[in-house]
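Could you put together the complete structure from these sequences and hints?
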Amino acid sequence: MDQIESNPTIPVRALQEQLQKDYQVGFSIHKVFRAKSTAKKLVQGDYKKQYDVLRDYILELQSTNPETTVKLEFDSEPNLSATSRRFKRMTNFNCSWVDSNNGIYPLAYAIVETENTDSWKWFLECIADDLDLHANSNFTFISDRQKGLQTAISQLFPCAEHRFCLRHIHDNMRKTWRTNEYKEHLWNCATATTVPEFNHRMHQFSSYDVEAYNWLKQIPPQHWARSHFTGRAVSDMLLNNLCEVFNSKLIEGRDKPLISCLEYIREYMMKRICNVIKVQKKCVGPLTLSATKIMEKNVNWASQYTVRWNGSDKYQVQGPWQDQHVVDMVERVCSCRKWELTGLPCKHVIAVLNDKADNGEEVGELHTYAHRVHWLETWKAAYVYKVEPIKGRAMWPISECPIKITPPIHKNQPGRPKKKRRHSAEEKSQKKGDNVASGSGSQSNIASRSGKLTRKFIQVTCSKCKIKGHNARTCKGQGGK
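Numbered continuously in our numbering, the sequence shown closes out at residue 486.
Incorrect hints may have been included.
Stated by the list, open to error - Listed next, the in silico SDA-like pairs over lysine to any residue satisfying Cα-Cα at most 25 Å (straight line):
1. Lys54 x Ala44
2. Lys36 x Lys53
3. Lys54 x Arg39
4. Lys409 x Asp80
5. Lys54 x Leu64
6. Lys385 x Ile282
7. Lys126 x Asp137
8. Lys302 x Gln285
9. Lys180 x Glu216
10. Lys396 x Thr411
11. Lys361 x Val304
Hints listed in this document are in silico derivations from the structure and should not be mistaken for laboratory results.
So this is what it looks like as structure tokens:
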């Protein structure tokens, strides 16, 4: 019991060796496996018994967290007069928002039957009811290109902006075009902030490979290119990494019984909010940590630009590499669109503010030109609401509903069930050591993730003449013998 409670994922073979060492008695591997399964039921709870107290758990959640929305749906048995009902099969859904510091803000999670259009519609309808969202609400989704989710979003929120994760687009592209040059062209097209720049980079991509260009052109650019994004999201995010990180934190809880899985998610959310609050207390503001780093870079770049005033509210800002844009201080826009997309003053805007200050004009504090979403006080206000702790199972209120909920009828598929997510082609190649850093990297960086040391793509240095590109045996100088 103690071993399973402290380390639930301990391998059966390691547990067998530990028991034989502690008790000096031989145990078969099958007996240890059955003992581990029994201990996990006692520690984490039995699957069937947790369905019996599911309504009690809901009452406890609603009593300790009054503003929590809990919805439960189940299927009836064919016999309508029966007093027993069966819950749908388990698939985990979650929805996370991006906070002011570009961090994870978990919003909602659910256990559904399967990942399809109907399940996504039900999940999104629950979020819409809880947040009072309407079909014409202006907000932004970012996800992978899952067909069920795309259909659900287009049906429920036709006015919403839906972005596709660029990493998933590259994974699909990599199935046919595998070299890194395609990734660079894709990234260059996606990061262009203006339409002319986007068209120029797409033309470069078509010159490199017409077939790949035609494949990418089939995806509407408003879903993946910054040049076609609206500014209402106050974010130029291209990747869905936050949800991927959140999913990775929940891997250990997915194998647990229903209530134990839900409690694992709730406790993680409670722990994360506390960690964010600790970081907030160390911040001095007035902007968040991520916004401060971006502003510091823009301030350093702004010193390389010259400003020319047109006599009204517009300024012409010119810098290196033929970088020239127009800034309108009244409309608070720049022709590079970064101020509009991110809500943070770009280097061109900061150059204008520096020029106005040099001419004796009052410009105020720099953070006042940033959107309020990047302010430290806004970040703190988002974490005012806490996830309240709950009492032990013995102190939960008892539900008076006579209908019992039983586990779903599930037929085990042949073979060992998969627990790890499917890795993309790029992640697989990284594991094999294909994408190893070259140049002056250390041996720790050269080693692949599989633990194998490789010399592929490594530029060696001669120990005799200290010149890169050859070793001492092939040296044409004094060391070559």
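Results of checking the hints against the structure:
1. About 15 Å separates the Cα atoms of lysine 54 and alanine 44, which keeps this hinted pair within 25 Å; it holds.
2. For the proposed pair lysine 36 and lysine 53, the alpha carbon gap of about 23 Å is at most 25 Å, so the pair holds.
3. For the hint pairing lysine 54 with arginine 39, the CA-to-CA distance comes to about 19 Å; that is within 25 Å, so the pair holds.
4. Between lysine 409 and aspartate 80 the CA atoms are separated by roughly 12 Å; this keeps the pair inside 25 Å, and the hint holds.
5. Our distance criterion of 25 Å between C-alpha atoms is met by lysine 54 and leucine 64, whose separation comes to about 17 Å.
6. The suggested pairing of lysine 385 with isoleucine 282 holds, with an alpha-carbon distance near 8 Å, which does not exceed 25 Å.
7. Between lysine 126 and aspartate 137 the CA atoms are separated by roughly 16 Å; this keeps the pair inside 25 Å, and the hint holds.
8. Taking the CA atoms of lysine 302 and glutamine 285, the gap is about 22 Å. The hint holds against a cut of 25 Å.
9. About 13 Å separates the Cα atoms of lysine 180 and glutamate 216, which keeps this hinted pair within 25 Å; it holds.
10. Taken as a hint, the lysine 396 and threonine 411 pair is honoured in the structure, with Cα atoms around 24 Å apart against an allowance of 25 Å.
11. Of the pairs offered as hints, the one joining lysine 361 and valine 304 holds, with about 15 Å between alpha carbons and a cut-off of 25 Å not exceeded.
Of the numbered hints given earlier, the model fails none.
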